[in-house]
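J.: The chain contents come next:
Number of protein chains: 2
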Amino acid sequence: MSSKRNILIIGAGRSASCLIKYLLDKSEVENLQIVIADKVIASAENMAGSHPNATALCLDIFNAEKRIKAIQNAAIVISMLPARFHLEVAKDCVTYGKSLVTASYVSNEMMELDAAVKEKGLVFMNEIGLDPGIDHMSAMQIIDRIRDNGAKLLLFESFTGGLVAPESDDNLWNYKFTWNPRNVVVAGQGSAAKFIQEGKFKYIPYQKLFRRSEILYIDGYGKFEAIANRDSLKYRDAYKLHDVLTLYRGTIRKVGFSKAWNIFVQLGMTDDTYKMENTENMSYREFVNSFLPYHPYDSVELKLRSYLKIDQDDYLWEKLEELDLFNDQKSFEIKNGTPAQLIQKILMDKWTLQEEDKDMIVMLHKFGYEYKGEKKQIESSTVVIGEDQTYTAMAKTVGLPVAIATLKILNREITNPGVQIPITKEVYEPILKELAETGIVFTEKEVPYLGYNPDQING
Amino acid sequence: MSSKRNILIIGAGRSASCLIKYLLDKSEVENLQIVIADKVIASAENMAGSHPNATALCLDIFNAEKRIKAIQNAAIVISMLPARFHLEVAKDCVTYGKSLVTASYVSNEMMELDAAVKEKGLVFMNEIGLDPGIDHMSAMQIIDRIRDNGAKLLLFESFTGGLVAPESDDNLWNYKFTWNPRNVVVAGQGSAAKFIQEGKFKYIPYQKLFRRSEILYIDGYGKFEAIANRDSLKYRDAYKLHDVLTLYRGTIRKVGFSKAWNIFVQLGMTDDTYKMENTENMSYREFVNSFLPYHPYDSVELKLRSYLKIDQDDYLWEKLEELDLFNDQKSFEIKNGTPAQLIQKILMDKWTLQEEDKDMIVMLHKFGYEYKGEKKQIESSTVVIGEDQTYTAMAKTVGLPVAIATLKILNREITNPGVQIPITKEVYEPILKELAETGIVFTEKEVPYLGYNPDQING
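In order, the protein sequence lines correspond to chains Y and C. Those letters in the first sequence? Residues 7 to 465, by our numbering. Those letters in the second sequence? Residues 7 to 465, by our numbering.
Chain Y with its partners taken away, still in its complex shape (with noise of 0.2 Å):
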């Protein structure tokens, strides 16, 4: 028997758990030895265990020898670091000839090495998570299919969510963090959110982000809202859709999230460009009081109830009550911390999964299209619910597509060579199959269609 295949995984954090429990349940079979390689060891070894195919390994990425054996020692490389580490990783893996699989956007220097990973025969698989990745490959499996029959694409709508699943499903927001809770804090700022309706573009700055959700509706899980994403363009080059009227990509929160939410963009308390005085023995209390007109004796609460003018009986109140917002006994143990910094630490202390807490992954798509004269409307979605607090949906989401690209490159299953994103069917076509078998499954329906302009009159 030959020796093993080393596959070489690069960062041991929370989203790495399902990855590697399929490449180990495959090593067997595939006679893989997966080396798990992080700064910090003991994330290594807790990912490897006891199991005989797992080798943990220290690897700082920026010493270069050990990063260099490691690359060398390889079949095939995995980097779940952050994005901006991964080019190291991936220079090493052009000079010596080893395939690459991330999670990550592509960037502008990873797209640079695309002429040498080309001539030297090698995939740099990126984007292959949850989102962007299963968004990529379940999407582009509908448009190709779409248009292989011969009728024109008019609509895409993208959504997708990381939420609590509805069995732990306990707090008025319907959320909970899945994922890092600076992102949820921050999302949205920056140049207003763009995309296009029935052939028009639109534009929605920050401040009215969380005013503008959009409702959409999942068989066997309701009614969920969706705020639009910055960058729904996005991908408009790589899918071909330059022709589509409506193209739109969003981001999915429980019924009433966006409204409540707004309450935080409204007072300041998401901005992160700014730190504010004296914070370190700040109040909840204080905290809120600090975005309201000075008053000598009025109550923190009329002056929050009259600036944003919420009713007596508005049930948005229930959800700032529910976080403690505001106490004047709790205080942050934040030195000169960021409204954003602050307004995270208040809702973590409610927003943090619990131990037997399950997250859910929502995924929905809608194409709208033109066949024969008559327009069709398919809706697409998934919704997948973790299992624990290891294997949660979402290291399954953006995990077991990394692993399954990774076995399928090893195995010269997949290619086509150059730095790319799954949007072809030698990529997303067995990636989908072998996900479906996991329980990722797309549940497919034809709908009315809907578009935004039904009457085809100018708006």
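Keep in mind the hints are simulated off the structure, nothing from the lab. All values reported here derive from a predicted model rather than from experimental measurement. Any given hint could turn out to be false.
Treat identical chains as interchangeable: a pair holds within one or across any two.
Cut-off 30 Å, straight-line C-alpha distance, at most; resulting in silico cross-link-like pairs (DSSO-like, lysine-lysine) [said to hold, decoys possible]:
(1) K309 with K240
(2) K341 with K246
(3) K372 with K382
(4) K206 with K265
Chain C: place on chain Y using the hints.
T.: Structure of chain C alone, referenced to chain Y:
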């Protein structure tokens, strides 16, 4: 008679008119030759006119040889260039031992010259225009007097605005552009406005800034409103205001301006961080519609009213219509414009000063203090009306302090060396005295102490 003393003025823009006139009027008595240098020789010639003591000079400040020669020939230098261009001039002034006067904020690079400037016994006077400039001098004069009397300062608020004069005020916004329109459009963006009220730090994010205006009253001119500056704490050190309970700086507008302006803010029209699509042939109406949800036939008007909850009878609506905001015939001739560039175009159609229009500068300070156990308050204000489109109130209030300071430095009435701003008695006393002779007079009155906390209750 000795040869004439050359005053070199670099930059012959609009704001230099009163500055140059003042110096030319004094040129015989003071034995001055005014050298007016500009990259555009026509601007310099226009300012020089046929006055025997004026010389126009074509000068690109990046031409080191010509720049150095002009500075060597000068007895003192005034730079009216945009602030980012001062540094080369300043360095040459150090090298050739010339004092320098500017109306601009002191940059870090300028401050770094302080030791060298002192060593040569030079005066580098900055921030000696209107705001910064007259605000420093008129405030410090009263602050010093209060302190010299042994009283304790409790409150300092300071407000400035460039407006249209009442006799030329003929639009519903009670506003016209009297200075750089772009600065007006993007005003308030970036980090939250920060100030102190009764010992509490308060923060207002951009999305709420124009709904947090405060009302001011000036005898003879009625009510105004003020919007908080981002930098209320900027001169806390320079003015030694660490112990005051209230510290607030603001920009003055006529009442109702801010609430209407907030419509543009909420829509996202003041954003200068991204370019919109297809702006070259976009109509004003399409521009508005870009920020509203798509609908096949509902009107732009109704969508806007609904989105921003503007009642049918709300006076705000008239302000929008006056701007031709919903016109589908008027279009921009701007390629790849940012929202801010486009709204600026719409506003400039209506808010550009006409030939016969006069502008107006309004400044108001409030000083609260405790003297022998009693709380008192002083308000000090000035209103300056422009003469015409050349000798505007803005040109007067920016240019005259520069001119007066220059002559006093040249005549060694102001001698304290170093890179500085006009906050010492040596500087502000003689300059304010002479400003009063030109008609820039502050009116002072005692009013009941208001503060923000009449009952000293914790809020």
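J.: A separate judgement is required for each hint: does it hold in the structure or not?
T.: Right, here's what the structure says about each hint:
no.: 1; hint: K309 with K240; verdict: between (41 Å within a copy, 28 Å between copies)
no.: 2; hint: K341 with K246; verdict: between (48 Å within a copy, 25 Å between copies)
no.: 3; hint: K372 with K382; verdict: within (11 Å within a copy, 67 Å between copies)
no.: 4; hint: K206 with K265; verdict: both (25 Å within a copy, 29 Å between copies)
Of the numbered hints given earlier, the model fails none.
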